[in-house]
Amino acid sequence: MRSHRGARLAIAAATLAAAMSAPSAVAGAEYTMVTGARYVVDDAAAKVVVTVDIAFTNTFAAPAGQVSVFNTIRLAIHDRAAAVAAGDGSGALNVSVAASGGVNVATITPRAPVQYGKTATLQLAYELRDGEDPAIRVGQHLVSFPAWGFGTRSEVRVELPSDYEVRVDGDELDAAVEGDTTILTSGTIADPTHWLANIGATREPAYETLQRAIPLAGGTADLQVRHWVDDPEWGTAMLDLVADALPRLEAAFGVSYPARGPLVITETVTAGGPDIQSDKGEVAVGFTEPPFTVLHQVAHVWAGEGLTGDRWLLEGLASWAAATVSTELELSLPHDPAAVASSLAANAFPLAEWDAAERSAAAEGWAQAASWSLTNQAAATAGAEAIREALGRMAAGLDGYDPSAATTPAGEVAVEPVPVTTRAYLDHLDAVTAEPIVEALAGSLLGTAAPAELTARTSARAAYDGLLQAAGDWGDPAPVRAAMVEWRFADAEGLIADAGAWLVGRDALLAEIEAAELTAPDRLAAAYQNHGGGEEAWAEIDAERAVVAAYADAAGSIDERLDPAARIGLLMGPGPDERLATAATAFAAGDLRVAADELAGLNKDLATATAGGLVRVLGVLIALAVAVLLTSMAMRRRRMRTDYTPEP
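Take 7 as the starting number for the sequence shown in our numbering and just add one per residue.
Just so you know, these hints were derived from the structure itself, not from any lab.
Please note that a few of the clues may not be correct.
[Stated by the list, open to error] Heads up, simulated SDA-like pairs for lysine to any residue below, C-alpha to C-alpha not over 25 Å straight-line:
#1 K124 - A61
#2 K124 - V101
#3 K124 - E36
#4 K53 - D175
#5 K53 - D136
#6 K53 - N77
#7 K53 - A88
#8 K124 - R159
#9 K53 - E184
#10 K53 - A91
#11 K53 - S102
#12 K53 - T191
#13 K53 - R135
#14 K53 - A104
#15 K53 - V235
#16 K53 - I189
#17 K53 - V183
#18 K53 - P211
#19 K53 - G108
#20 K124 - R80
#21 K53 - R86
[As the list claims (entries may be wrong)] Pair ranges (Cβ atoms, derived):
#22 G449 - E542: 47 to 53 Å
#23 L335 - E239: 14 to 20 Å
#24 A363 - A468: 34 to 40 Å
For clarity, every value in this text was computed on a predicted model and none was experimentally measured.
From the three backbone atoms N, C-alpha and C, an ideal C-beta is built for every residue, glycine too.
Given only the sequences and the hints, what does the whole structure look like? Please build it.
Have a look at this one:
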């Protein structure tokens, strides 16, 4: 209603009658109109009764030969004012209402024309009824309307039940409570054309809940709409709107409804704004909000803090999705975001820096429009499907360099999604499109830092691609991936160089492993993937190389070290081939200690095998000699017993 403030001046239509002999032109009209405006809230009848006491004085002195009279008195009243009536002390007066210059004007015909120096005292009355004007609400829980004064000097008085909590925006009113009535008074308003107070009053509302099950790709959403008990139409309209929108929002984002539990839409006096807990399944919607704004708020169920902490991305995605669904439902959009952003470009700043810190209204307006416009630009450059693929990767918990496609089907999200930053979002878009999307968006998002960052990114990504080629199916190591994801490109290039040098060492080791006819353990790849070219990874190469060298040495020296005595020495324990096989199996399994122990045992066996064999041969010879001796002695005793013959 502030757009009407310049027209609040009551307009007097002057009829200047010329002398009968010769009419002449009228130079102008002058008057004073002192008014007292009273606004009485009747919540039971859902209306505000407005009465304006008027003292209109004609102060225009007509030129000689002319007379000055006012046949009508005009006042700018509220749009859609109802039951408009006028009167004076003698009874009712004629009053008509019509639009004039975009303003709703009441024209009163006084009982007699008001002559110069005379004052007409009269009264205008009308009603502001709930629901007939979106700016006016009069109910059990909410009162909202604009109040202003009339004429050239005025006073305003507002009366409403004292159990309302009252808030006044705009020009000030003094408050007092008399009995069960709160009375707001302005005092004298010297210039009513520049005075306006927006009255807001609330009681704790009583709610009713409407409920509907909405089938979606990943399951069923429990939609609940809590509306004020005296506003059932809002509840029904909201239930239908959100029920129609949910499947379309799910399709627009490319991931399923992520709220765990019911989606609760609650009617409120003012909207919840971008900081409400939409992604927790709770959406506060102002009772006067248009459908687009409602869809924007519901879209925050997807575009919430679980997705990203960067405000531009939350707002841009929510507006983009709301616009997509609004178009499908043939709903109007509030404005062209590119045009609004252009008109407010003087307030621009890097969108990645937009946070909860207080900024000017113009800067906030620019950021809202620019975020939406930039998301539209991303969709135009890479395609809406690319945005959905990027969001799917984010919901699946991937990062921008993960070569995997999002495996999260529609209807599922990662259990603990990792909120992404602006730069990570750019990487995700880059992963799903060949279009130069990062270059297209980075300037608006990163500001003056963008050129240097993009140059560093290009260089690091070239080195990264070379590393991937050298690594083969081993991919990239975690330290390199982390530096790339975090846009620490100088660190990344150093880590890539280290990892590349390690891969040269790996290739040499793999050649040695192949020559020894061994199988490389998985722990070699794990060392690279966890540590890149770090000390731990080099220590792994050294440890494996030591085992491979010991194995090759043992395997190559067995034949020359196994003389006949040594072979005899190894007959009682595990043979060399058995020990080599055990060591090879342990090495392939990554158990380097067991492999090393087996090889050490084999070397020890080989070192002592000849002596052990000789001992065993000597032992056998001694055993044979003893056996021969014992046998000979036994035979001699037997002969001695046979040669003895006792006397008869």
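Here is how each hint holds up against the structure:
no.: 1; hint: K124 - A61; result: holds, 10 Å
no.: 2; hint: K124 - V101; result: holds, 21 Å
no.: 3; hint: K124 - E36; result: holds, 12 Å
no.: 4; hint: K53 - D175; result: holds, 20 Å
no.: 5; hint: K53 - D136; result: holds, 6 Å
no.: 6; hint: K53 - N77; result: violated, 32 Å
no.: 7; hint: K53 - A88; result: holds, 10 Å
no.: 8; hint: K124 - R159; result: holds, 17 Å
no.: 9; hint: K53 - E184; result: holds, 21 Å
no.: 10; hint: K53 - A91; result: holds, 16 Å
no.: 11; hint: K53 - S102; result: holds, 21 Å
no.: 12; hint: K53 - T191; result: holds, 20 Å
no.: 13; hint: K53 - R135; result: holds, 4 Å
no.: 14; hint: K53 - A104; result: holds, 21 Å
no.: 15; hint: K53 - V235; result: holds, 17 Å
no.: 16; hint: K53 - I189; result: holds, 17 Å
no.: 17; hint: K53 - V183; result: holds, 21 Å
no.: 18; hint: K53 - P211; result: holds, 18 Å
no.: 19; hint: K53 - G108; result: holds, 24 Å
no.: 20; hint: K124 - R80; result: holds, 17 Å
no.: 21; hint: K53 - R86; result: holds, 12 Å
no.: 22; hint: G449 - E542: 47 to 53 Å; result: violated, 40 Å
no.: 23; hint: L335 - E239: 14 to 20 Å; result: holds, 19 Å
no.: 24; hint: A363 - A468: 34 to 40 Å; result: holds, 37 Å
When the structure is compared with the earlier hints, violations turn up for hints 6 and 22 and for no others.
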